[in-house]
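Colleague: Given these sequences and hints, build the entire structure.
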Amino acid sequence: MKLQQNSLLALYSLVEFAGDPTRHIAAAEIAEKYQVSPHHLAKVLAELARAGIVQSVRGVGGGYRFAANARRLTLLDVIARFEDVGSGSTDRNGRTPADRALSAVLGEIDEMAKATLKSVTLATLLRLMQQKVPGSEAQSEAESSA
Amino acid sequence: MSRRKAARAEATPPPVPRCDLAIRPVRRGDLEAVIAIDTQVTGLEKRDYWRSVYRRYGEAAAPGAQFLVGESGGEVIGFIIGEVRDWEFGAPPCGWVFAIDVRPDARQSGIGTRLLESISAGFRRAGVRKVRTMLASDNTLILSFFRSQGMMAGRFIPLEMDLDG
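Sequence lines, in order, name chains G and C. For the first sequence, the numbering used here begins at 7 and goes up steadily by one. For the second sequence, the numbering used here begins at 64 and goes up steadily by one.
Treat the hints as calculated values from the structure; they're not laboratory data. Take the hints with a grain of salt, since some may be wrong.
What the hints assert, rightly or not - If you want the footprint, here are the derived chain C segments under chain G, 3+ residues with CB under 8 Å: (1) 197-207; (2) 210-217.
Claimed, not checked - Ranges between beta-carbon positions, derived for each pair: (3) G:M7 x C:E180: 24 to 34 Å; (4) C:G217 x G:A110: 16 to 26 Å; (5) G:H46 x C:E108: 49 to 59 Å; (6) G:G65 x C:A154: 50 to 60 Å.
From a predicted model like this one, the values you see are computed outputs, not experimental measurements. For glycine and all other residues, C-beta sits at the position ideal for the given N, C-alpha and C.
Modeller: Written out as structure tokens, the structure reads:
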């Protein structure tokens, strides 16, 4: 499963904010850290602010800060603001038996994806970041030698 | 209270002090509290089922089987049940947790974590190095709990079908 850019930007930002909820972080700092467009990121942060997940802080030292509960906010809560999670159908409204059968299989995958995203909170994601994820070592070695 | 303060208060509910919570094997006298917690959570009283679980995992538990309760202030406020299963589904011996619950008014204070820590310690003593569980995909609360404890999707996929007629 691949997440759209806006969802990724939202999650990158939220791990930064929730990692230190007392700190105001400037959008530019996040844009630089993740090498993303500040303009694009600003739109994503505005949506998170509209949802009450982050709060914008004006003035010197301003930026954004975390305004939600990291133990309650799930990945699905965030991603669903930016994309339709689980839209895996053949887009043919079950016209043929093959469409219907494929839709049933894709529906299974969608349900698993939704259940997974709904069960992982931001707090759990932060904890996962501290752990060694299987396969990540080999991948980072490959990246550093590339 | 401001929304920020409210969110912070929600994030840090008053914990049951670790010293006030005892995790111990179930006793016959705990069964009513266990049934009451399950009934409160599921909305369905399953008295016969719990008696049979108690017979298998409580008083005459086989080696590797555990039925633990969390007690605070003289009251049972949570429980966990599991056992070591050998070569089921082709898997080497591992610990299975098949029931966990905490009284709703005592949640978010680390009791589930203590129960899981205790049963995991029992599994380690029994010589296994992996713990598994399975639950409904829409049981978000308990799924989130297990995720928060570090559990990830395993290598098994549950399958089912309706048996007609």
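Colleague: For each hint, tell me whether it holds in the structure or not.
Modeller: Status of each hint after checking the structure:
1. Counting residues of the segment 197-207 of chain C whose CB falls under 8 Å from any CB of chain G gives 5; the rule of at least 3 is met.
2. Counting residues of the segment 210-217 of chain C whose beta-carbon sits less than 8 Å from any beta-carbon of chain G gives 4, enough to reach three: the coverage restraint holds.
3. Distance hint check: the CB atoms of M7 (chain G) and E180 (chain C) are about 32 Å apart, consistent with the given range 24 to 34 Å.
4. Restraint check, G217 (chain C) to A110 (chain G): a C-beta distance of roughly 24 Å satisfies the suggested window 16 to 26 Å.
5. At roughly 54 Å, the beta-carbon separation of H46 (chain G) and E108 (chain C) lies within the given 49 to 59 Å, and the hint holds.
6. Hint check: G65 (chain G) to A154 (chain C), Cβ distance near 58 Å, so the stated range 50 to 60 Å holds.
In summary, this structure violates none of the numbered hints.
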